[in-house]
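Engineer: Below are the chains, spelled out letter by letter.
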Amino acid sequence: MPSMTEAVPLPWVLTLAGALFCVGLFGALSRRNTVGILLGIELMLNAVNINLIAFWRYLEPNVVAGQTFALFVITVAAAEAAVGLAMIIAIYRARQTVNADEVDSLRG
Amino acid sequence: MGQYQSPCLVLCMNTLITVLFLIFAALILTSAIMTVTVKNIVHAALWLISSFFGVGALYLLMEAEFLGVAQVLIYVGAVSILILFAIMLTRDLEGSQNRQLTPRWWIALIVPAALFGLLIVPTVMTHAWQLPPPPPAGQPPAISGAQQIGTAFMREYFLPFQVAAILLTVAMIGAIVIAFEERERRRRVLTLVEQVRLRQRQQQRQQPAPRPEPAATAVQTSEATGGET
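One line per chain: the protein sequences are V and H, in this order.
If you're matching positions, the first sequence starts at 1 in my numbering and goes up one per residue.
If you're matching positions, the second sequence starts at 1 in my numbering and goes up one per residue.
Since the hints were derived computationally from the structure, they do not count as laboratory data.
A virtual CB, placed ideally from N, CA and C, is assigned to each residue, including glycine.
Treat the hints with care, as some may be off.
[As the list claims (entries may be wrong)] Label-pair ranges, simulated between beta-carbon atoms: (1) V/ASP101 - H/THR15: 48 to 54 angstroms; (2) V/VAL103 - H/LEU46: 21 to 27 angstroms; (3) V/ALA90 - H/VAL10: 54 to 60 angstroms; (4) H/VAL170 - V/VAL103: 21 to 27 angstroms; (5) H/THR18 - V/SER105: 51 to 57 angstroms; (6) V/ASP104 - H/PHE180: 22 to 28 angstroms; (7) H/MET125 - V/GLN96: 45 to 51 angstroms; (8) V/LEU59 - H/ALA146: 43 to 49 angstroms; (9) V/GLN96 - H/ILE166: 31 to 37 angstroms; (10) H/PHE85 - V/GLN96: 37 to 43 angstroms; (11) H/VAL111 - V/VAL103: 38 to 44 angstroms; (12) H/LEU60 - V/LEU59: 16 to 22 angstroms; (13) H/MET125 - V/ALA90: 40 to 46 angstroms; (14) H/VAL38 - V/VAL76: 22 to 28 angstroms.
[Said to hold, decoys possible] No more than 25 angstroms apart at the CA atoms, straight line, and that leaves these computed lysine to any residue pairs for SDA-like: (15) H/LYS39 - H/VAL111; (16) H/LYS39 - V/ASP101; (17) H/LYS39 - V/MET87; (18) H/LYS39 - V/MET44; (19) H/LYS39 - V/ALA100; (20) H/LYS39 - V/PHE69; (21) H/LYS39 - H/VAL124; (22) H/LYS39 - V/TRP12; (23) H/LYS39 - V/LEU106; (24) H/LYS39 - H/VAL69; (25) H/LYS39 - V/ALA19; (26) H/LYS39 - H/LEU119; (27) H/LYS39 - V/PRO11; (28) H/LYS39 - V/THR75; (29) H/LYS39 - H/TRP106; (30) H/LYS39 - H/LEU11; (31) H/LYS39 - V/VAL63; (32) H/LYS39 - V/VAL73; (33) H/LYS39 - V/THR97; (34) H/LYS39 - H/LEU27; (35) H/LYS39 - V/ILE89; (36) H/LYS39 - H/PHE66; (37) H/LYS39 - H/ALA78; (38) H/LYS39 - H/PRO135; (39) H/LYS39 - H/PRO103; (40) H/LYS39 - V/GLN96.
If we strip away everything but chain V, and leave its shape as in the complex, we get (with noise of 0.2 angstroms):
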């Protein structure tokens, strides 16, 4: 039975997610919009799902370990996306911006 194991070699499946995760990278330290930095963050979380899923596929495609550390990646990104969504709010509700530069009450 053909599979993806057989057509595809690993190394072009860790490729895409490493160009991916650089990508997510580029984002998170470019855009200026604090939101636009949490969508390169979710980018990055998905390559490493990615990659955790290519591994469980090609070498231990009969243990779960690769699935389940994936659908706990998945979960811990979503409860970082929501308490992220939600700073990003009360940020914008005491200071009338999102903009990641202006936010610089810390700088010292």
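Fit chain H to the supplied structure of chain V, relying on the hints for placement.
Structural biologist: Chain H in isolation, oriented as in the chain V frame:
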């Protein structure tokens, strides 16, 4: 199973899977690049949803059905809606004409590009991955599915499962507490009964009542207590 034995069909299926993988990879990367570069933040969120869909399709291609469905449900269904709501609630007052990227964005471009070109690609390409041998022909490979995940959550991953549940609860309460507005600062929306009473009070204030004042207040208080109970 017999039909898969012919080498031509296997080759066709492998080519199909390769083409599908390339299509999904192109979709994911294009959407991700649009997400981080597009000017309008609402469009960025919509491109992010497209990227999530591509990742979910990739999960399905890698035979992780449960993860693919969870990806669509959680990321596409919940997280992106949350992001869209946050964008709508925090509309930028200056409009979208101002710059979306930091002034030194080229440093932020160099770091991930160097990470990708100098570290990730050489490591991934040169490492000798010890892949397990393919299963014997005619025998399906042993792949853990949703049933095995459920069993694992109830057995060896029981404590992490509970911790994840507590984490979700704490995150939900924390998000409500952080985003909560104090009652005094909130613009109150009156109920219908309150609006009627307010109008009555305004009318009474405009035209002084012909009746003596104590009787009117007595009626009013009795109405108020009646309404409250």
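Engineer: Which hints from the list above does the structure break, by number from lowest to highest?
Structural biologist: 8, 10, 11, 20, 21, 22, 23, 24, 26, 27, 28, 30, 31, 32, 36, 38
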